[in-house]
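Since chain A is already given, all that's left is putting chain B on it; use the hints.
Those protein sequence lines, which keep their order, are chains A and B.
According to the numbering used here, the first sequence holds residues 1 to 781 in order.
According to the numbering used here, the second sequence holds residues 782 to 961 in order.
Hint data in this document are derived by calculation from the structure and do not stem from the laboratory.
All residues carry an ideal CB built from backbone N, CA and C; glycine is no exception.
The hints are all genuine.
Below, computed lysine to any residue pairings styled on SDA-like, alpha-carbon distance capped at 25 Å:
#1 A/Lys292 x B/Ala906
#2 A/Lys27 x B/Ala825
#3 A/Lys11 x B/Arg901
#4 A/Lys221 x B/Asp813
#5 A/Lys293 x B/Thr911
#6 A/Lys12 x B/Arg901
#7 A/Lys286 x B/Gln817
#8 A/Lys293 x B/Asp900
#9 A/Lys295 x B/Ala801
#10 A/Lys295 x B/Arg901
#11 A/Lys286 x B/Arg901
#12 A/Lys286 x B/Glu822
#13 A/Lys286 x B/Thr911
#14 A/Lys292 x B/Ile912
#15 A/Lys225 x B/Asp813
#16 A/Lys286 x B/Tyr815
#17 A/Lys12 x B/Gly910
#18 A/Lys51 x B/Ala906
#19 A/Lys51 x B/Tyr907
#20 A/Lys286 x B/Gly908
#21 A/Lys101 x B/Gly908
#22 A/Lys221 x B/Tyr815
#23 A/Lys295 x B/Asp813
#24 A/Lys286 x B/Tyr907
#25 A/Lys12 x B/Asp900
#26 A/Lys293 x B/Gly910
Over the 10 Å line for every Cβ pair with chain A, so calculated as not near, a few chain B residues:
#27 Gln850
#28 Asp866
#29 Gln877
#30 Leu879
#31 Lys909
#32 Thr945
#33 Ile947
#34 Leu949
For reference, the chains in residue letters:
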Amino acid sequence: MNRTEFAEIIKKRVLTLDGAYGSEFFKLGYGEHCTDELNLSHPQVVLDLQKKYVQAGADILLSNSFNANPLKLQKLGLQESFEQINKQAVKIGRQAIGKRKCMLFGNLSSCGDYLVPFGEADFDEVAESFAAQAKLLAELGVDGFVLETISDLAEYKAAVVGIRSVCADLPLVAQMTFEADGVCTTGSRVEIFAALAQDLDIDVVGVNCSTGPEQMVENIKRLRKYTDKPLSVEPNAGDPVLRDGSLLYLDGPECFAPYIADFLEMGVAIVGGCCGTDDRHIATIKQLTVGKKPKMCSEKLSQVLTSRTVLVEVDPFLKIAERINPAGNEKFQNEITAFDFERVKKLALSQAREGADILDVNLGIEKILQKEHFRRVVCALDKMNSLPVSLDVQSSKNMEIAARHYIGRPLLNSIRVTAKSLENKTKILQKYGGMVVLLAMDKKFPRSVEEALQIVEQGVDYLQQHGIESQRVLVDPLLNSIATGSLPENSLRLISKLHERGLKTTCGLSNISFGMPSRAAIETAFLAQGIGAGLSSAIMEVGKTELKDAITGALYLQGKKLTLSSESEKRVDLTGALLQGDAELASKLVTEALESKSALEVAEQELAHSMREIGQLFAHKKIYLPELMLASQTAEPLFGMLTEDAGQSAPRHGSVMLATVKGDIHSIGKQIIGTILKGAGFEVIDIGQDLDKEVIASKVREHRPNILGLSAMMTTTVGQVEATKSYLAEQGLNCPVIAGGASMTKDLAESYGCHYCKDASDVVEVCKGLVATPTGGKANQ
Amino acid sequence: MAIISKHWALPDWQSVAARAGMNRARTSGGWDDYKQWVYAEGYALVEPRLNSTTLEYRDDLILPTSFTQPRAVSYFAATLGAEIDQRINDYFQQGQDLKGFLLDSWGSQAVEQILRWWDRVLRRAYGKGTIRFSPGYKGLEITANGKILERFLDLPEVVADSQTGIMLPRKSCVALIGWE
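Isolated chain A (complex conformation) (with noise of 0.2 Å):
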């Protein structure tokens, strides 16, 4: 099966692909087990499930390959076996198929950990196990692959830039996961995905898990705005419940019906099942798709550039502030060349609240510069939220670093129409994904527009024939300043035949006046001329209040409004310094408040105040992971600083000890709580993942905290919290235990003996309340 037949069939006729193994494997007694593990241990298991989806209707049979991908085994303990595991999924899933029609494609999916900054894993290093594994399916003959269950844009992209760097000529259907309100839990919003997507080389687009069909009829509503891709979908069987202690999925496949024909309706080609689902409702699907062919998608795209969390149209004007730039600055660029990026980051913080809409990045004089520069660079605008960037970078081989590990849609800045510019950095659109900047030039100035015309024909067609469609370009006319004696009315003219001709513009603003006075004056007015003859965008300096009023009247003029920046963009009390990661800013508050309060009210009432509310914005949904984790940084050498002023050389409110119990190796809740604790002024000792209750008790002997908190994520591992509690309670360490995760509720917590916290907006206050009490001390010996 190659891409281009796949693609024939999904054009014709809607597939069905199988329904959920890790439910179905615990519903039949096999909770236990890694569920790629039964491939060795257990194949009989396998191929009964499997041949209950061909039979009930499939398409598309998955391998049982979910966790086989080399980084993931090795945390399970099963990295000896990774060859084994996938060429028996391949073997059984074809015995599975028998002489059926259905293909067999190689399912892979997260490798367990997240990608910095949320996580310890690299991106090449993920790239590399997905590569690993993708390559060693396709040599066992899969007809395909499909990736599923990614809650971290930057492990899809990874996985993507991993799987396709081994195996270019088989089908991709790409998946990520998302809440009912379509951010995913690294804050990434479905659409911020879809942009991605749509750029990267892979053939379907999709959403899976998390959601039953209902919630996911709106993911794919909003996906299907930035990407025309065929899409996948595959629901959970509604949420889970648990019942007798074990999580269970009731939603039956007439749960599934009324939904199929939402899906069809918004293109969807592929539809599957997954957690909680079973061959009825596989059946379900395949009897209401059956001979129905997918729907094309016939909307225009917007043209969008992503970071990892803020999305921003190209229209109806694009703003791209110019100063993260040395030229000229020596210490600016010494600062760079000693990788200190701080300026970097407060450039962009300072012109984010200017208004700018994405970032143009020039790190100055590459010859001085390594590859891991580009890296870092654009690690730490992710770290901090930042605005979508412009990679202005000259050299492909930096260039390609920085869009390889850039989390989001760039813009690439820039393509002059030159066979090996063209070709080089081509290559990283198709790779990597994003915009690009195309100069209207070859080797040398066009003389004329219309022989800038001409150029810029050939650079949109040579990026068309190697599938970068002309609504990925901007095209730069190049201004030349007035002060050379070059005609602006020829810049202009060429916007003008350029915004006929369909395509966006940008320009370097300050050209235009390079060299003469009253330089603001002349951006001015050429930035309303060239707004008037169709210029949708420039670097400029977006601080200039003359710029930006002539943009909005120039858009006026036109009947567009520039919609305004977003609330919390503007906040300037603490916690909008915290969310913004402008550590000056909060300094700045808390020394302020320090005239008037003494260092612990300062700490108690301003400090701790903001993370409280944070804590409640990130548990209602209102801010996600990145902001949390930032303003948990931000906060905490504040902290530090207020503890020591006040003469305290220990943390303000106490330590709190977290471990994810045996058998459970999840571990993103317990940093969520970990980080809110942290910005709250607590000591946090995170002791790890998959921790037998003896290690635990040793630890919590060694390091006597206030308070312990124990996550369990799956329903297999929740009773480990209370085989922990009891064990704490015979060794007779009696620090009072916090139980939570996906898995816990207040009843089983309670019963257990161990306090319950619902999510992480309570955390803080259940922590203060229990070092409150006259048990909260630290553990007994």
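Only chain B this time, still in chain A's reference frame:
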């Protein structure tokens, strides 16, 4: 007679909506709640039964006038059971006409869905055949319902009035396909 899994009866929303007179499937707004409700209600109430037989051609077969001596004929009938009829009646009697109307439309499409599914199963087994006929269409009197049930099928839950051909339970249907 075979008891079949309920999920084979699940119709697609567009067909239910069309039968209920809506222009097209609604994906949002007030209909969402009704949509969920009618599937949950219908699914809980149905007890689908199916019976099917395939006979070599012979003179006493009941066939539409358009059939020209097929090699064989499959007769089949499906029902959702009596409970859904009762619930539809209850809704109308209680003045909950919209619910009654929606459940009625859903039930009609659910029976049709079973027949469609069985149609595909038969075609995979017997190859090329005629379109699927039901009494009351294409040269086959509606009163043939009762005769087909009586002579060829084993579905005791379903009875047809010999004068009108109307079947009880109401959400029942008889069909046949001729094989070349």
